[in-house]
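Visitor: Single-letter residue listing:
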Amino acid sequence: MTDEQLKQLLKALEAGEQGAFSAIYSELKTPVFTVLVRLTGDRTLSEDLLQEVFLKLYRQPPRAEKPRAYVFRMARNLAIDALRQKQPTEPLEELLVQTDPDLKLDLERAFERLTVQERQLVALHLSAGLTFREVAAIVERPLGTVLWQYRKAIEKLRNLLDGGSL
Amino acid sequence: MKRFITIFLTLICLTAYCCPAFAAVECTVPQDLPSVLSENLAVHDVLILGGGEGETTPPQEPVADVPADGVFDEQPVDGKYSTMGALYQAWGGWEGYPDYVCGVWSTDGGMDNLTVAVTDDKAGEQGREAILAQLRDHSSVTFTTQTYSYRQLQQVMDEIVTRMGGDSPIVACGIYEKDNHVHVTVNENHEQAQEIALELSQRYTDRVEVELGDLVFSTTREELGKENPAADLLPFALLMMAVLTGLLLVKKLPARVTNTGKVLAGGRPTKNRVEAAVRESRETPPDRVEDRIREQL
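Sequences listed follow chains B and W, in order.
As numbered in our numbering, residues 8 to 173 make up the first sequence, in order.
As numbered in our numbering, residues 369 to 665 make up the second sequence, in order.
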């Protein structure tokens with residue numbers, strides 16, 4: 008779904024069309040949930056956050072130029088806030104989160120070794136399909152830094168999936 | 369012992385049938401085949417930006433004057449950016465490359481001094497001038513030329529991507545800017561692997577490099593044009609290589625499974641394979657979430 012199509016659906020939702028909400032939920036539930044799980048490593052918490060994202064969308068449909076990025080920004084912020092409540096002092100660059108044991112397939116194991124900062128770059132770019140410029144705006148970091156940190160995160164994943172250490 | 373005998377017989381078979389075939393392979397893909405077989409495939413990786421394989425040193429300060437809000441976007445002064453790094457960021461990375469650009473990578477591991485590959489034609493020459501005209505510091509850019517623009521490779525990749533998914537043997541593809549081609553990974557265990565690998569190689573010639581197990585090859589346009597009867601033996605050679613590689617590796621390397629069932633195997637995964645695995649690894653929320661939302665609406 009393009010940003011333009013999403014805009015139309017959000018307009019329809021604002022006008023009270025219930026069908027628009029179903030279409031938006033159906034389109035975005037999986038990528039948003041994926042980003043939330045990648046960030047928090049907690050499926051139950053991610054379900055609560057997903058619910059919160061879509062309730063906010065329903066109650067106040069955004070009028071953003073890039074609504075897709077807006078939705079993921081909202082999801083990311085909620086996830087970071089939730090992580091902050093658990094570990095308020097750790098900077099994102101150093102913060103690691105425990106992954107739900109049920110998720111411990113190899114990719115998830117590897118993700119567990121990434122910091123939250125790295126997780127969000129990888130998830131927002133690859134799972135949410137956002138451009139690096141959009142990701143940089145969401146995480147409020149310079150584009151160059153985002154590109155660099157993303158590359159490092161992928162290198163880490165490569166090492167981890169190869170059975171190595173960081 | 370059984371395994372040893374199998375490998376031994378395969379080797380005999382390979383030697384008996386494939387000596388001419390290998391000659392044909394060398395003739396058909398003379399530059400790629402011998403070298404890539406002895407190299408780690410990861411050397412083909414193109415980094416987004418930055419230095420060589422395994423580098424851990426962070427770049428020199430990536431952005432010289434980061435604004436307080438953390439979102440960097442250098443505004444040009446009199447239409448000029450301070451460095452090539454700043455212009456690259458203004459492009460928004462590869463997504464905003466002009467049509468004449470083939471690729472961009474770091475010259476020294478930092479973000480400011482970049483090597484820009486432009487097309488080896490008139491447009492590339494003009495593009496080079498256009499880039500220089502937008503920079504205050506000309507020393508921040510080094511130029512080189514390549515055959516295919518990033519857009520052309522993007523088009524090839526887009527076509528290939530449409531053939532991925534489902535039961536396709538094509539498991540990953542990505543643009544390798546330094547090598548100026550699209551790297552395509554084909555699942556060597558798929559029954560159509562050899563057929564697809566050859567078809568891709570012949571259709572896209574040297575715009576595509578195909579990775580089939582440990583075999584990495586591409587076909588140049590000149591080679592495709594040549595009448596080469598030995599080329600008929602290439603499928604057999606590829607098949608034998610795949611079988612041999614499979615026999616040697618299948619029990620040695622653990623498969624890694626993602627939550628969509630995608631298997632990553634065969635040594636250190638490339639950047640593209642990791643990205644594809646992450647991209648395809650999705651979490652679907654249970655229906656109860658939607659029910660809970662509807663209850664609250």
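Just so you know, these hints were derived from the structure itself, not from any lab.
Incorrect hints may have been included.
[Stated by the list, open to error] In silico SDA-like cross-links for lysine to any residue, where the CA-CA straight-line distance does not exceed 20 Å:
no., chain 1, residue 1, chain 2, residue 2
1, B, LYS63, W, GLU658
2, B, LYS36, W, GLN664
3, B, LYS36, W, ASP476
4, B, LYS159, W, GLU643
5, B, LYS63, W, ARG662
6, B, LYS63, W, ILE661
Fair warning: this is a prediction, and the values are worked out from it, not measured in the lab.
Visitor: Can the restraint linking B:LYS36 and W:GLN664 be considered satisfied, given a maximum Cα separation of 20 Å?
Guide: 17 Å, holds
Visitor: Would the hint linking B:LYS63 and W:ILE661 be met if the CA-CA limit is 20 Å?
Guide: Measuring from Cα to Cα gives roughly 10 Å; hence the hint holds.
Visitor: CA of B:LYS63 to CA of W:GLU658, is that 20 Å or under?
Guide: 14 Å, holds
Visitor: Hinted pair, alpha-carbon criterion (20 Å max): B:LYS63, W:ARG662. Please report holds or violated.
Guide: 13 Å, holds
Visitor: When you check the alpha-carbon spacing of B:LYS159 and W:GLU643, does it fall within 20 Å?
Guide: 13 Å, holds
Visitor: Given the hinted pair B:LYS36 and W:ASP476, is their alpha-carbon gap at most 20 Å?
Guide: Violated. B:LYS36 to W:ASP476 sits at ~42 Å, over the 20 Å cutoff.
Violated hint for the displayed structure: number 3, the only one.
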